[in-house]
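Two chains, two separate frames, one set of hints: put the complex together.
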Amino acid sequence: MTSVILGARSLSKRYGAGIALDNVDLDIQAGESVAVMGASGSGKTTLLHTLAGITIPDAGTVSYSGTDITALNETQRSKLRRESFGFVFQQGLLIPELTAIENVALALMLNGVLRRDAEAQSAGWLAHLGLSGMEGRRIGELSGGQAQRVAIARAQVTGARIVFADEPTGALDSHTSADVMTALLEATAGRGHTLVLVTHDSTVASRCSRTLYMHDGVLSPALPARPGAAPAGESAGGSNYLAGPR
Amino acid sequence: MKTTIPILWMMSRPAPGNKAVVALPATAFALVTALLLIVLAGALSFFTHPAPADGFGTAGAYQNLALVALALLILPLLTLGGSAARLSARRRDERLSTLRLLGATPALVGFMAVVEATAVAVLGIAAGIVLYAAALPAVALIHFQGHALGLAGLWLDPLVVLATAAALIVLAAISAAVGMRQVALTPLGVRTRQKAPTVHWVRAALGAGAAVVLYLGMANITASGSIAAVVVILLAAFAGGLALLNLMGPYVLKWFAGRQVRRAATAVRLLAARTILESPKAAWRQVSGLAMTSFIAVVAGTGLAVLNGAGAGIGTAEANLYNDMRTGVMITVVASFLLVACSAGVNQAAAILDRRELYISLDRMGMPRTVMDAARKRAIMSPVRIVTVGSAVLSGVLLFPLTGLAMIFSPLSLLVIAGILAGGIGLIWLGLAASAPVLGRVLAGGSTAAD
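Top line first, the protein sequences correspond to chains A and B.
With the first letter of the first sequence counted as 1, position 195 gets the number 195 in UniProt numbering; the numbers rise by one all the way through.
With the first letter of the second sequence counted as 1, position 124 gets the number 124 in UniProt numbering; the numbers rise by one all the way through.
Bear in mind the hints are in silico, worked out from the structure with no lab data behind them.
The C-beta atom is built at its ideal place from N, Cα and C for all residues, glycine as well.
Just to be clear, a hint being listed does not mean it is correct.
To give an idea of the chain B side of the interface with chain A (calculated C-beta under 8 Å), a few residues [unchecked claim]: (1) T275; (2) R364; (3) P368.
Quick look at which bits of chain B chain A covers, simulated, 3 or more residues with Cβ under 8 Å [stated by the list, open to error]: (4) 253-266; (5) 354-361.
Bound-form chain B, shown alone (with noise of 0.2 Å):
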């Protein structure tokens, strides 16, 4: 330890031209720890101050439903951060192979590189702190139960902010961990360790098998056509859909990728469906808090579509509660699709710097920066687009009758639901535009370094 503490901080010393690697974990960390307070102060406002009693018991329902939301969101933010703490864990090969070729024990250099990686983040969660200070007058004007949050429901007890940054410090250690037992730290550099891709059929046999019982017991369910038979449709789909996707989504990733590889005409194309082949866990992995995000828009935007055609005479209290649940919804999408798009950034950057030299030798080739970034790109968008319209339509056929009900009673909701799908695939593609420019500098640096 006496030798440990001034070599961390000697190596704390930022590398020239190397400000893009800090500053994207950094700054991850900043946006997860402000949405996360923010999503928090959302949920703990409905304690804080409860609806007032009605009878219907509106209050313990949005209080419920503050939770659904928070547990949602919770998915995305984690796979948020523990990418960031990756990324920032990694950022330094070279320095970790020297002290490696030096006589440092990889355990010695694992143990560094997660404290750097943690301080990286103690900076991005102070700023996110700011960050949610900051971005709650904005917050504050949503309205809920008829009328704006207001500010002085938003503001979180100093020891619940102190408690989330803490939990936040814990989660970057355990990725930035995690992330150094995925690579090989050796004299000569650091290397991702290969890993043949093992996903099983039996997933997509289970799958399926599971698809079908849920199917055929909504099904029976929906005949009694009662509000308690919804509300029971409803939490079965969800939570059959939810296992159902997780079951089979790196399955079905692996298939279309396979099956873009064998159709792939260009370069892009089979560039991109080779990379999801290489590894549709992690694929899915990166999108998987996306797949849950768009099945519960879906069902919950075509539960509220039946609720909200039927509702005709309801008392005030249900409609703001319909009204409110639809703004979680949106408000629940959209932050999630914010969370996988940063998400996504994180990772292409991490990516990108990973395979820093592949990527100049094919600039050094003449392989056009276009197709490079096009590539990278559309190995995000392909697993996206699937997740996205999969479990829509997934939820879309497990609630069909109720999806039917819903496109007569009120189509324009579920236009709504699909408007912020298609705008949350949008975001995610800017999320990836905004990783561009660290592939510019890699390229930059390597036409540089030579001898």
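Bound-form chain A, shown alone (with noise of 0.2 Å):
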């Protein structure tokens, strides 16, 4: 029995005269993992900025867990992505001058939870991820790979429902590559949390349980046949409802 845990609906953004979302419905069941698929400029990292509550869509929907993400003001969905949502970024994106378990320990600490205790539970997550032993190091000590495993634990040490991943192994080698990706899918789809990302890398998307395919604002659960023709699956002048797996 699954449901669906974020849900999207009617989405559209623009960015000048470019279309980044047109008309985007989407449903994401809890513990699904979702690639989404897409040429530069697609617009499938504004999708993930709109799920994630970072964009506010200019048309349409999205909710979390029942709630209208969309609706709340710019502090609620800060607690929100703080407290329910993890984020894996290309570089990683951690705090060079705190060394591995600090740059942990900071997403529970602004949760509010002790230091030591953050430190207790970030020690468990490094540990889980294959880190022991270097959670005194600083990021500079670490290669691409490790600085990755330490923005998953980053990302999940807080218990998050949801990771979003943009790029998560962009810039690995395949076989680093492959091997972040086993970890944040254990940590997330394996733990019956769900991810959401996005890839260039057809590998990559190719491990994750869905892939949609972005294409001029458009997703589709197929890639398109050619540039520029319409997706499979959007009905004309309709939107392009793509729902979960039941």
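Here it is, written out as structure tokens:
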């Protein structure tokens, strides 16, 4: 029995003359891992940001566990992101002056957890991700793959039910990329949590339970046949609704 | 060179939404120029309009003290100028990395950045000269030697103004070049070079030894109790104390920050302490001018308080000299705080722009802006408090017998100095608050940057 944890209805977003999101509908089930693929400028990162409450759409709604996050103010959305969502970015974007364990613990400390408890939980996550003994290293002393594992630990240490990942393996070689994806999937979908990731890499996308494609702001479940062609699954004049697996 | 100039011209076009990164260094240079010219004018007025000969060498005392004040303000002035130039040189990382991608050599791209930064400095310096002229009527009202300074004595020779401007332009170019050496210009972006902090405990050991020698030496000199001894004490405390501060400063900041890292219970405290620990030397450079000022404020304040308390029956010229020394100390301290405040604001703006991506990612993760702001303010204010209080206490301890006398004879003078130091800390806080809109703009820009 699965349930929709994140739903988008009639999402539209424009940047000047460019259409980033064109009437997008999407349902994501709890425990799913969803990959969004698309060319640069197709709108996939805008979709990720809109689903995560970072960007407000021009039209449409995003609901997380029944709450319309597009109706929340900036402070409320920040709180939601901090407490309920996790993020993994391409470059990790960890704080360079903090150690690995401090970077992870910071996510908990921002939610009011005492430092001692935060570091204890963080140590557990780092160990789980194969980083035992590296807790005290600064980010510059870690490899790209290790830094991404720290980012995964940071994204999951708060118990976030959804992790949003923007090109999490984009800066890694293929071997490290596979390892990081394994860690990311185990830390999220493997624990019944949800992963939404944006990638250019079809190998990475194939590891997820569902792959969607963005093209000129339109979301489809299959790769468009040719550039500019109407994506499969889109009904003329209607929204492109993509339900999760039943 | 045939192609460099046209490229420079094309690159000089302002990027949309990027006005702050041009306005900030230009404003800082305007302030540096105006303050430098005002201080220079004030100092030179004691040479062009010396006090009448009185047989006590008062005129010479004024001239020497004016030079000391000028020397004290030079370091914070140069620090601010350097910060402004570095900010200016590093404000266009995307354009610079694109040029590298197109095949321009690091030397050419670096040269272009330095030329751009210098051009911004020239604009600021020109504005600063106007600001100096506009501020003179107010400065002319300050009383020295029993009367207002007056406009006539404060107008600098145009050649002096031009020479000062030229010196500042050279400073801007050198600082920009040094700033560019600290970043790696690659086709994939402009990144700050990673340098491991190297602050050795030997600094602290040497400093502690020097402090003991200084203290013992002065304790013996005080025994003579003469006015000459007081002067020697003040000079020894001044020179020795400054050397001591610069020797120990980075190590003391490192020690405090390390302690704060271990004890930090909140995200703000942890982030701030780690920022200082990342480069204690850089943190020290930013506040070292303040250390000197706080130190001199207490040394001079104590000396003046003692002389004031023991000064019953002194002549008008001497009374004027003591009053003017007090005024001079206050002006020097306030100007120094003002410069450190500007320097902190400019450095913070540069740091925010350098770490744009990190701040945007933290915002996306839900880190409250108040936490980011509080952490970066604390990373500056913590060294400011340590340095101000530390150097004031150090000078107080080194001059302990005199400080004790000052507390008895003239407690009000010491209170005034303490009040100025507290006000100065507030001024620096305001300087940091002024850089908050830069963070706001960076985060606002980040929320629209998506494909």
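Now for the hints, and whether the structure bears them out:
Hint status for B/T275 relative to chain A: holds, with the closest Cβ pair at about 6 Å, below 8 Å. At about 5 Å, the closest approach between the beta carbon of B/R364 and any beta carbon in chain A falls short of 8 Å, and the interface hint on this residue holds. The restraint placing B/P368 at the interface with chain A holds, with a minimum CB-CB distance near 6 Å, inside the 8 Å limit. Coverage of the segment 253-266 of chain B by chain A holds [criterion: at least 3 residues with CB-CB distance below 8 Å; count 3].
Under a criterion of three residues with beta carbons nearer than 8 Å to beta carbons of chain A, the stated coverage of the segment 354-361 of chain B is upheld, 3 such residues being counted.
Going through the hint list in order, the structure satisfies each hint without exception.
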